[in-house]
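Spelled out, the chains give:
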Amino acid sequence: MNKRILKYLSLGVLFSILSLGNLENLCRIYPTLGFDNQALLFWNYTAANGLLPFRDIYYPYGLLSYYKGQNIIAAFIYLLISPVLFLGIFFTLQRVFRDKLFAIASFVFFFLFIIIITGFETFTRYGSITALSILYAYIFYSNKNKSRKILLALGVLGGIILALINDIGIYTLVIFVVFSVCNKLLISKFKLQINQSSSVLKELIIFIFGYSLGLIPFFIYLISTQSLSDFSLHLLSLSELALFAKTPFFHSIFTVDNLFTLAMLMTAIVFLCYKFFYGDKKASFVTYLQISLVLVLILLEQKSIIRSIDSQLTFIGLLLFFTFIYELRLSWRKYGLSKLFVFVYFINISMILLFVIGLRVSDEFVNQYPIPSRISSAIKVFRSKSCVDDNLKVLISKNRALPEIKNELYNTKNFSGKVFTFPGEPIFYIMLKQKPPYYPTIYEATPINAQEKLITYIQKENIDVILYNFKTRSIQDEVPDTIRGRLLYEYIRSNYYIEKKVNDYLIFYRKN
Amino acid sequence: MKLKKAIVSNAGLYIFLLSLLTAISLINSNIVIGKILLVFVLLLVLLPPAFLVLVSRYRNILIFNVLFILFLLGVFAVTFRKLRDIMPDPAISKETSIGYAQYFGYPLYLDSIIFFILILSPVLFYTFVRLARKNKKKSPSNILNE
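As given, the protein sequences belong to chains A and B, one line each in that order.
No gaps in the numbering here: position 22 of the first sequence is 49 in the working numbering, and each next residue is one more.
No gaps in the numbering here: position 46 of the second sequence is 530 in the working numbering, and each next residue is one more.
It is worth saying that the hints were derived from the structure and are not from the lab.
Even for Gly, the Cβ is constructed at its ideal location relative to N, Cα and C.
One should not assume that every hint holds.
[Unchecked claim] If you want the footprint, here are the derived chain B segments under chain A, 3+ residues with CB under 8 Å:
#1 501-514
#2 547-558
#3 570-576
#4 589-595
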């Protein structure tokens, strides 16, 4: 027992050291003034200034991401996730291959894949749901481990995750429900008896009860910060988000990342069906693992169908690929092929996937290598809370128009120090150190009620000056901003007049 | 036994070829040569799994399943535009949000429907084959033969 604990601890320390590159994600330096970068910096600014997500600011990613750059506990939890995920993946690969050589080689390949292709940020987010799904696979496979306490604990974990990473918390619930039902259908070969149906129901009730318990701290947080109604509205608005964020899926399907992931998914589904109809009567752990990864991929592909996240799902396809290597190895044994043959075959494919087929390299890759200077710099920035200011310095040095416009604004008569920007350039709220609107850009404020909220903000804050970037026709998806934000645009045109033009901006003044 | 010997004797050559092509692909910097090499490398990589399918007891079912999926992909590729035009565009009113789908008139659920048809197609295929086999076993001529 002590040897085991020592082994877990040593591996945990090793993976923590290997994950030090993730420190960079506590404060990223954004190189350009793109709208996505501005929105992310905007949220750093609001977190640093004590504005609360859901109540004061629209923020869709959960408390962990919001506070990781400001709060030591959030930062610690955020940094702990990657090593824990790596540990889980390592033990899973050990369990799958039951061979040190393959387990270590596949883990090394997986780690390199995360560093080069996926990135820590994505791995923390989607790796969490993948690891949970793998945990469910283990629980459902070893039926005897499926005690009420464990189901309750899983539910509590799911509820806690909802607070920390909102969308992953919801996926956790969905995957457990689907997996629970699938498991019983598999065991009963699709001839579900009444006692089995009631057993599924009991599992779901225990899990959902645990999930509700896990939500209690978040519930207390929402009540104490008077954000409960705002969070509820935020949850309800997610369905509307899917409607206006939708872009064509099959038009952009021919990326290497998409083709790889979908090929692994389809292969897994064909293979699972084959095993179910013509294979062994009892499903192995690898089969349960494949089912868990297929469920995660199907769920996340729905997100990708709305708005492509192709490069963020490839690591799940990679895990499926490992299970295929295991199955191939088993089959090749019958034909006298040695372990060395399979190993060299595996290494070749690993090299091809990493360096030859052209999977998209992570943006973070260049900055993730944990050299001592990067680590100390990241810690220094976190401690001094200078993330926003450091970013501002970089962006202003690269965009001379920004200080020019700021000066022009201050030269304007009776300037109150507050602006509103259309379609949305939150950098100005940061530069002017003003209380920002609820939504950073018109893209997040596409729904009519969101635009009404922005109009209310303009009226309540007595904004006299509107900054309109007329060079930007469309902030996202080639939809003209004047159409997307038609209510807001009409309000601006009706209540403000063009005072002057500075670089790419029209400065609107309030009509008397 | 003969097959086993043949496989073991050729395994060395196969892995040598694969390693050589992989190494050349890694050091190659020409895009055109790289793409040609990639095709050969992928064909080589798929050779062992393809062999396993061909020697499997239910190879016909597996092959027809893959062909069925490819057929469906082909059908959707050819008819995609028609399907896109047939399906209703998202409604626009004073209260609706206007994103890509609403502005350009792209059906909201077309992609999801096609996606689910494709991922469920193996399940439907195997179920159909299973039922067809059961019916064949239960047919009068088979009962008489028993």
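The hints, checked one at a time:
For the region 501-514 of chain B, the stated coverage by chain A is satisfied: 5 residues place a CB nearer than 8 Å to a CB of that chain, which reaches the threshold of 3. Interface restraint, the region 547-558 of chain B with chain A: holds (3 residues with C-beta to C-beta distance below 8 Å; minimum three). Counting residues of the region 570-576 of chain B whose beta carbon lies closer than 8 Å to any beta carbon of chain A gives 1, which falls below the threshold of three, so the coverage claim is violated. Three residues within the 8 Å Cβ limit are the bar, and the region 589-595 of chain B against chain A gives 3, so the coverage statement holds.
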